[in-house]
Every structure is written in C-alpha cells, then in structure tokens.
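Q: Here are the chains, one letter per residue:
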Amino acid sequence: MWVPGIFIPIIGTILFGRLLLRRWSVLRKAAPDKRFDQLRSRLRHLWSLGFLQQRQTHYPGTGIPHLCIFFPFLLSLPHLAVLVLQGIPGVSEPQGRAWVFYSHLCDVAATVIFLGCLAALAYRVWLRPTRFNAARQPLGVLILAIVSGLVWSDAIFRATRFTDVTHLCWPFTLAGVVQLLFSGAAQPVQATVGSVAWLLHELLFFGFLCIVPCSKQFHEITGLANIFYARLEQGTIKPLRHGLTEQQAEELNEVGIRRFADFTWKHVLDFYSCADCGRCTDQCPAVAVGRALSPREFTYAGQRLAFEGGDSALPYSSEEIWSCTTCGACEQECPVAIEYIEKFVDLRRAMVEDGELPAAVSRAFESLEQHGNPWGRAASAAWPRGSAHVNKIASASAQSPVLFFPDSFIAFGDRARAVGDAVCELLTRTGKSFVILPQSGRDSGHEARRFGEEFLFMKLRDLNTQAIHDTGAQLIVTADPHTLNAFRHDYAGLPPSAHITEILAEAIVSRGIEFKPDHSGKLHVFHDPCYLGRHNGIYEAPRSILRSIPGLKFGQMRKQCDRSFCCGGPLSFFHQPKENVRMADMRIQQVLETHADVVVTACPWCLVNLTEAAKSAGSSIEVIDITELALRQLRD
Amino acid sequence: MEIVCCIKSVPNIADEEVQIVHQKVSVGTYPRCLNECDRYVLEEALRLTELHGGSITALTFGDTESEDVLRRALALGATEAVMLNGPLEEEPRRVAAALAAVIRRRHFDLVLTGAQSSDRQGAEVGGMLAAMLGVPFASLVVAVERKEYGVLVHREIEGGELEAYEVELPAVLSLQTGINTPRYVSMRGIRKAATKTITAVTPEAVPDVAVRLVEHRHPPTVVGAKMLCGDLKAIAVEVASMIRERGGLQ
Numbered sequence: 002m003w004v005p006g007i008f009i010p011i012i013g014t015i016l017f018g019r020l021l022l023r024r025w026s027v028l029r030k031a032a033p034d035k036r037f038d039q040l041r042s043r044l045r046h047l048w049s050l051g052f053l054q055q056r057q058t059h060y061p062g063t064g065i066p067h068l069c070i071f072f073p074f075l076l077s078l079p080h081l082a083v084l085v086l087q088g089i090p091g092v093s094e095p096q097g098r099a100w101v102f103y104s105h106l107c108d109v110a111a112t113v114i115f116l117g118c119l120a121a122l123a124y125r126v127w128l129r130p131t132r133f134n135a136a137r138q139p140l141g142v143l144i145l146a147i148v149s150g151l152v153w154s155d156a157i158f159r160a161t162r163f164t165d166v167t168h169l170c171w172p173f174t175l176a177g178v179v180q181l182l183f184s185g186a187a188q189p190v191q192a193t194v195g196s197v198a199w200l201l202h203e204l205l206f207f208g209f210l211c212i213v214p215c216s217k218q219f220h221e222i223t224g225l226a227n228i229f230y231a232r233l234e235q236g237t238i239k240p241l242r243h244g245l246t247e248q249q250a251e252e253l254n255e256v257g258i259r260r261f262a263d264f265t266w267k268h269v270l271d272f273y274s275c276a277d278c279g280r281c282t283d284q285c286p287a288v289a290v291g292r293a294l295s296p297r298e299f300t301y302a303g304q305r306l307a308f309e310g311g312d313s314a315l316p317y318s319s320e321e322i323w324s325c326t327t328c329g330a331c332e333q334e335c336p337v338a339i340e341y342i343e344k345f346v347d348l349r350r351a352m353v354e355d356g357e358l359p360a361a362v363s364r365a366f367e368s369l370e371q372h373g374n375p376w377g378r379a380a381s382a383a384w385p386r387g388s389a390h391v392n393k394i395a396s397a398s399a400q401s402p403v404l405f406f407p408d409s410f411i412a413f414g415d416r417a418r419a420v421g422d423a424v425c426e427l428l429t430r431t432g433k434s435f436v437i438l439p440q441s442g443r444d445s446g447h448e449a450r451r452f453g454e455e456f457l458f459m460k461l462r463d464l465n466t467q468a469i470h471d472t473g474a475q476l477i478v479t480a481d482p483h484t485l486n487a488f489r490h491d492y493a494g495l496p497p498s499a500h501i502t503e504i505l506a507e508a509i510v511s512r513g514i515e516f517k518p519d520h521s522g523k524l525h526v527f528h529d530p531c532y533l534g535r536h537n538g539i540y541e542a543p544r545s546i547l548r549s550i551p552g553l554k555f556g557q558m559r560k561q562c563d564r565s566f567c568c569g570g571p572l573s574f575f576h577q578p579k580e581n582v583r584m585a586d587m588r589i590q591q592v593l594e595t596h597a598d599v600v601v602t603a604c605p606w607c608l609v610n611l612t613e614a615a616k617s618a619g620s621s622i623e624v625i626d627i628t629e630l631a632l633r634q635l636r637d
Numbered sequence: 036m037e038i039v040c041c042i043k044s045v046p047n048i049a050d051e052e053v054q055i056v057h058q059k060v061s062v063g064t065y066p067r068c069l070n071e072c073d074r075y076v077l078e079e080a081l082r083l084t085e086l087h088g089g090s091i092t093a094l095t096f097g098d099t100e101s102e103d104v105l106r107r108a109l110a111l112g113a114t115e116a117v118m119l120n121g122p123l124e125e126e127p128r129r130v131a132a133a134l135a136a137v138i139r140r141r142h143f144d145l146v147l148t149g150a151q152s153s154d155r156q157g158a159e160v161g162g163m164l165a166a167m168l169g170v171p172f173a174s175l176v177v178a179v180e181r182k183e184y185g186v187l188v189h190r191e192i193e194g195g196e197l198e199a200y201e202v203e204l205p206a207v208l209s210l211q212t213g214i215n216t217p218r219y220v221s222m223r224g225i226r227k228a229a230t231k232t233i234t235a236v237t238p239e240a241v242p243d244v245a246v247r248l249v250e251h252r253h254p255p256t257v258v259g260a261k262m263l264c265g266d267l268k269a270i271a272v273e274v275a276s277m278i279r280e281r282g283g284l285q
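Chains E and X, in that order, are what the protein sequence lines are.
Per the working numbering, residue 2 is the first one in the first sequence, and the count goes up by one each step.
Per the working numbering, residue 36 is the first one in the second sequence, and the count goes up by one each step.
It should be emphasised that the hints constitute simulated quantities derived from the structure, not laboratory data.
One or more of the hints may lead you astray.
To be verified - DSSO-like cross-link-like pairs, simulated, lysine-lysine; straight-line CA separation at most 30 Å:
1. K239/E to K227/X
2. K433/E to K579/E
3. K460/E to K231/X
Construct the entire structure; sequences and hints are all you get.
A: This is how it looks when you write it as structure tokens:
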C-alpha cells in the first residue's frame with residue numbers, strides 16, 4: 002500500500018503547488034492596492050462573513066447545504082490530513098481516547114457533509130435556479146459528486162478497518178451504515194475493500210486538490226483572504242492608482258483598466274474567489290431588466306483570464322461597462338465580498354481617457370466643466386433663485402452653523418426642486434438657521450467620479466470644499482443621497498454631513514417636530530435609495546419618520562432595505578443601455594404588487610424616475626419625497 | 036497629411052439671457068468653450084492622421100482666454116498650437132487674413148474649419164481663407180476620404196441630397212457637424228496639456244474691411260404667440276381645442 006500511498010500525495014502536491022505558484026505570479030504582477038489597514042475591523046469582518054458565513058442564510062436553498070459542508074469540513078481538517086498522509090512511512094493515526102472520540106465526530110461530520118451535498122445536488126438538478134449558469138451545471142454536479150465520493154470512501158475505509166466491538170462506529174453515520182453492511186463479511190474481504198476505498202479516497206482527494214485552483218472551487222483557498230481584504234467602507238471609490246498623490250496620478254501615462262495587468266491584486270483575488278453562485282446576478286437590477294451585464298459572468302470571465310495568466314485582451318464590452326448603475330446590490334449579497342463598482346469605474350476611467358464614451362455622458366462632463374452642472378444650465382438660473390428661499394443664499398460675510406447643499410439635480414430639476422423647498426421649510430421649522438451656497442447649482446461631482454471622470458470630480462470637489470469652508474458651516478445637510486455619499490466618502494476634510502432624514506429623525510426624538518395624524522387610510526411603502534441604504538446604512542431614519550406619523554398605514558415591500566431595487570439612478574438621465582424594460586418601470590411594478598397608494602422615497606433621482614414610471618404604468622399611485630410628506634404632516 | 040485646424044473659442048451662453056450693452060453683445064461675461072463645429076474639425080483631423088499619418092496644427096484667433104481651446108486640441112493630440120492674438124469680436128476678413136498669413140508660411144495639405152461659429156454664425160472665414168491662400172474650397176463637407184488625387188469630399192445639398200467632389204490638395208474644407216463623433220477630452224488630458232507650448236503670434240498686416248458691425252439687438256417680441264401657463268391638464272385641453280379650431284384635428 003505504501004507505494005501509491007507515497008506517490009499519490011507527492012505527485013498531487015507537486016501539481017497543486019505548481020498551480021498555486023502560477024496563480025500567485027498573476028497576483029504579484031497585478032496593480033497595487035491598499036488593504037492592510039484596520040486590522041481589527043478586518044478580523045471582525047472575517048469572523049462574521051468568513052467563519053460564521055453570515056450571508057449564506059440569505060439564500061437558504063444553497064446556503065444551508067453550504068454551512069453543512071463548510072463547518073464539518075473545518076472540523077475534519079486534522080482527520081483529513083492524517084488520512085491522506087498515512088500511506089507515508091512514519092505517519093500513523095494518533096492513539097488515545099481523545100482521538101477516537103474526535104474520529105467519531107468526524108464520522109458525524111462526514112455524514113452531514115454528504116447530506117449537504119445531496120441537498121445542494123437536489124437544489125441544482127431539480128430546482129435549477131436561474132442564478133446558476135446552466136452551461137456550467139456539469140462542473141457543479143461533478144464537484145458535489147467528488148465531495149460525496151470523498152466522504153463515502155473515508156467512511157468505508159474507517160468502517161472496514163476496525164470491526165471489533167471497541168471500534169464500532171456510531172450508528173446513523175456513513176461509517177456506521179457501512180459497518181452494518183459489512184458486519185457479516187470475512188476479515189480479508191473487509192481489508193481489501195478498505196484498501197480500495199482508501200486508494201480511491203487518495204485519488205479523489207489529490208485529484209480534487211488540483212481541480213480547486215482551476216475552478217470555482219478556488220474560493221476554498223482564496224475566499225477567506227478575499228473577505229479579510231474586502232473594502233470595509235461602503236460608498237467609496239479607489240483612487241486612480243493606489244500609492245500615488247493626485248499630482249503623480251496626473252502625470253501617469255494612462256489611467257483606468259485597459260488590460261488585465263491594470264487590475265489591482267484585490268481585483269484578481271476577487272476573480273479567484275468567485276464561487277459562481279450567481280447571488281450577484283440574482284440581485285442585479287441590470288440583469289433583471291435584460292441589460293448586457295451579468296456580474297456573475299463579468300467575474301467568471303475575469304477568473305478565466307486570471308487562470309490563463311492574464312495575457313489575453315479584456316472581454317468586456319462598452320455596453321456592459323455602461324450598464325452598471327453602481328447600486329451595490331451585487332456587493333451586498335456576495336458571500337465572499339467580491340467588489341464590482343470599483344472595477345466598472347476603473348474600466349470607465351480608461352474609456353473617458355480615450356474619449357470613447359456615451360455621447361450624453363460626454364456632454365454632461367463638458368457641461369459640468371463649463372457650468373458646474375451636467376444640464377448645460379447657467380449657474381444664475383439655479384434654485385433657490387426664483388423661489389421663496391432665495392434669501393437663504395449665503396452672503397460673503399455671513400457665517401452659519403448649518404449649510405444646506407442641494408446639488409445640481411435639486412437646483413435644476415423641475416420636480417426635484419420641490420424637495421429643496423421642502424428641506425428649507427423643514428429646517429426652518431426645526432429651528433435651524435442655515436444657508437445655501439451662492440453656487441447653489443454646482444454639482445458635488447459624485448456621478449462624474451462614478452462615470453470615470455476623476456479629474457473633473459476633483460475640480461468640483463476642490464471648488465465645493467473651499468466654498469463650504471468659507472461659510473464656516475459645522476454641519477452640511479443634504480437631501481440627495483448621492484451628495485451625502487460624496488461628502489462622506491469622496492471628499493476629505495469637510496465638516497460632518499447628514500441626510501435630511503437623519504436630521505428629522507433626530508428632531509422627532511428630541512420632540513423638535515411633531516406630526517399630524519394621517520387619516521387618509523392610504524397605504525404607504527418606502528423605496529430605499531441605493532446611496533442612502535446600501536452605501537450609507539441609513540435604513541432606520543426614514544422609517545422612523547414614517548412610523549412617527551400617527552395613523553399612517555405603512556406597508557413592506559418584497560425588495561427593501563439592503564435588497565432594494567435600483568430605480569436606474571442618475572445614469573438613466575445620461576445613458577440608456579439596451580434593455581427590455583426600464584428599471585424604474587420594473588420597480589414601480591414591485592411597488593404596485595403591494596397595493597400601495599403612496600410610494601415614499603428619500604432621493605430626488607428616485608423621485609423623478611419613479612414618478613415617470615408611475616405615469617407610464619398609467620397608475621394613480623402617488624410618488625413623493627419623504628421631505629414633502631413630512632412637511633405635509635407637520636403639526637402647526 | 037499635414038492638417039491645419041482653425042478653431043474658435045466662443046461664449047457659452049447656456050440658458051442665460053443674452054445681454055446687450057452699448058448695442059453689442061458683451062461676450063466677455065460668459066464662460067467660454069470650443070465652437071461646436073470645431074469639435075468635429077479636430078476629430079476629423081485626428082481621424083485622418085490616425086489613418087494616413089501626418090501632423091495637426093491647431094490655430095486660433097482670439098484673446099488670452101481663447102488659449103483653452105488650443106489646450107483642448109493639444110490634449111486631443113494636436114502636434115502644434117498657434118495662438119493669434121486679437122480681439123474676439125474681430126471682423127471675419129481680418130481673422131481670415133491673420134490665419135492666412137500664418138498658414139501660408141508652412142507646408143500644408145488640408146485646412147479644416149468649422150462650417151460656422153456658434154456666436155456670429157457668419158460662415159465666412161473658411162471661404163475667405165481659401166481665396167487668400169489661393170487654394171480650392173469646399174463648404175459644408177459631411178465626409179472626407181483620402182485619394183491619390185487629393186480628397187474625395189461629400190457635401191450636403193438641398194433636400195438632404197449629397198454631392199461628391201474630387202478636390203486637389205492643398206485645399207480648405209469647412210466641415211458640417213455630424214461628419215464624425217467627436218471624442219471626449221478628459222480633464223486629466225487637458226491638465227497634462229497645460230505644460231505644452233503654444234506659439235503666440237501677433238498678426239502683422241490688418242486689412243481694411245468693407246463691412247462693419249453696426250449693432251446687436253434683441254429681435255422684436257413676436258406678436259401672436261400665446262403663452263399657456265398653469266395646470267398641465269388645462270393646458271393640454273386648451274392646446275387640443277386650439278389645434279381643432281385651426282383645423283389641425285378633425
């Protein structure tokens with residue numbers, strides 16, 4: 002037995018090692034990334050997402066089988082090591098009661114693993130969820146079969162090895178069942194069966210070991226590292242290149258991702274770690290409306306490239322790159338914390354640099370550069386000019402503790418400016434003295450950055466930062482979650498910023514405002530804006546406002562909170578990718594399923610997108626911003 | 036191909052009301068941008084040199100603020116930029132003479148201009164320039180193709196029809212918008228171009244002009260236009276009834 006017992010592990014380990022070295026060399030050639038800070042938060046993240054596998058239960062159909070395989074596998078690691086190496090002279094199973102007890106536990110673990118495999122197989126084969134790529138189904142089945150083969154051969158080996166009473170395996174385990182079956186068989190027969198089973202286990206184990214770095218199973222090795230190095234702060238975008246100052250970045254020959262080598266090592270680790278589970282694709286609104294984008298296929302393509310050494314041209318189309326709204330639904334769901342938004346932004350950066358981008362996007366950029374807003378409007382036409390709140394525009398000398406920053410959509414949008422009016426009223430009624438920048442229509446640059454025009458964003462950021470400091474404000478109030486996200490995650494050195502819903506929620510607690518009862522009997526639902534919820538974790542503030550309106554009927558939606566469905570976002574104003582149905586139209590259908598009379602949101606873009614969608618659906622549902630609702634219900 | 040692009044910096048008025056001071060539009064108060072047609076000029080020059088090799092010289096006549104359009108041209112890939120200093124509202128003939136003086140001194144195959152500038156909309160400089168240089172001219176060009184004899188150009192004529200001309204080089208072409216899709220110039224590109232040199236030239240001879248601008252003025256308010264305000268539904272009903280009254284709807 003010792004000849005294959007030595008040679009299989011040696012050959013298997015050499016092949017596995019060579020594959021790992023090849024994967025490592027691709028990682029080493031990748032662009033720099035900065036992921037070595039905040040050790041504590043990283044460990045916490047690793048604990049909850051990695052070891053506790055918190056996201057698995059979001060999809061119980063495969064999540065629970067995965068837990069059934071993952072935890073017992075961890076438990077069995079020492080057992081597995083001894084088992085596969087015991088053909089080598091000098092390696093033998095430890096003795097003693099503790100090890101015997103542990104081995105019994107491993108029998109239980111193997112049984113649970115097998116049940117997990119069965120459940121996963123049943124889910125794959127009979128339920129065939131669309132989030133799996135049907136063409137890659139055979140690989141999924143093969144891997145489950147190999148894992149089942151491993152636990153069974155292990156069980157047969159264990160069961161036939163010791164048959165005396167002192168070594169009886171626990172009943173209702175795989176090994177226990179095998180022992181029962183072979184209880185009458187002669188000793189030599191049992192010994193032969195055991196040896197064959199062990200050999201089979203050896204072949205399966207080392208065969209599987211070499212499949213791991215060549216398939217979606219590579220996540221078993223890189224997944225935990227990927228979680229550890231995950232981006233901890235949502236809503237952020239990577240700099241043009243890590244480790245360079247903005248001045249140095251300006252002098253780079255080129256920026257963005259054009260070829261595989263432009264991906265950072267974390268991007269490559271993302272590709273390595275994809276288990277092809279399709280949760281991203283299942284949540285992605287671009288997929289739902291039939292755009293040319295599937296986050297699963299995006300990463301799978303990257304994985305293939307990485308496995309090939311990263312020398313081929315990138316397979317991503319412009320249509321695909323401009324289909325992402327950066328809503329973050331994919332990242333929210335990924336069990337191994339793969340990041341997408343950064344990659345799309347970096348791919349766009351290269352396109353912006355080459356000047357090849359959707360025509361309306363380049364128009365918006367040119368307008369941002371010239372007028373400070375993407376609409377080509379004159380700065381002098383910006384709200385609150387022409388409204389009752391024009392007196393809130395800061396004068397050069399006046400200092401104020403609070404600044405309301407409307408951003409260009411509220412400043413120039415026919416419907417959106419009503420949100421600006423409502424915010425002004427609400428701030429006044431909560432007794433806050435505030436000002437608005439004289440350049441009230443200037444954009445925060447949030448979209449410019451996500452559309453890949455980093456230096457345009459930087460220009461707007463610098464102008465706004467200076468203007469904000471000039472007012473002496475201690476607090477910036479925003480009503481557009483994109484603005485909030487820009488100030489919290491894209492800018493640096495600003496006074497703290499808050500979304501108007503946070504201000505109102507606070508005022509409700511401190512009894513600064515109170516609401517009249519709502520006797521309409523109308524059912525309200527809340528649409529979570531992506532950049533308020535997923536990117537900034539503000540789910541509770543808007544809900545607390547709705548709940549504090551006495552008598553208001555407040556319903557729940559199927560897709561809400563961190564699973565909210567993007568309305569199309571600002572991108573829909575500048576580029577219409579090919580799609581079967583507009584995102585906002587699909588969202589409004591989800592709203593209509595609830596039989597709601599009113600859909601409340603907290604973002605001017607969502608407000609306009611959903612209003613248009615409600616109109617085109619011919620629905621009489623009211624679409625309203627939470628500030629407008631709060632103002633309407635405010636007790637005099 | 037050696038290509039000279041004549042481009043212009045124009046006021047970007049957006050939706051502001053045009054202010055007329057002392058009977059003239061005061062262009063100095065508006066932000067400035069590259070003239071719309073000239074975006075296509077630069078793109079066409081890039082397209083031709085990418086296909087056939089050669090160089091691009093960007094040329095502008097204007098004040099110091101006009102330099103920005105040259106930076107843009109350099110960011111796009113122009114090999115050289117020449118600035119002719121003069122007032123932005125200079126008479127077209129003087130602009131053409133100044134441009135001709137610079138162009139005459141260098142070797143060139145093609146001079147490209149925009150069909151017109153968005154501020155004056157005179158569409159004069161291209162034609163005058165060709166006459167002063169003594170070379171062929173084609174206006175409102177919608178396609179350019181390099182041939183052995185020179186270039187084959189397509190022109191748009193009445194009714195959306197096209198006519199094709201064989202043009203010998205050197206020549207001046209004024210390009211219509213839509214001839215290509217101008218690429219975007221990134222802010223980083225423009226910033227990087229800030230260090231590139233721009234040759235400044237002061238125009239020598241200033242010819243007399245036989246045409247002088249007298250005044251700018253707002254057109255008289257049109258009588259007979261009816262502004263409908265208020266509730267959208269009411270407006271729609273009124274529009275429908277007005278159309279019906281005039282026989283537009285049966």
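Q: Each hint should be assessed against the structure and marked as holding or not.
A: Outcome of the hint check:
1. K239/E to K227/X: With a Cα-Cα distance of about 21 Å, the restraint between K239/E and K227/X holds, given a limit of 30 Å.
2. K433/E to K579/E: Given pair K433/E, K579/E is violated - Cα atoms ~46 Å apart, limit 30 Å.
3. K460/E to K231/X: holds, 21 Å
In terms of the numbered hints stated before, the structure departs from hint 2 and from no other.
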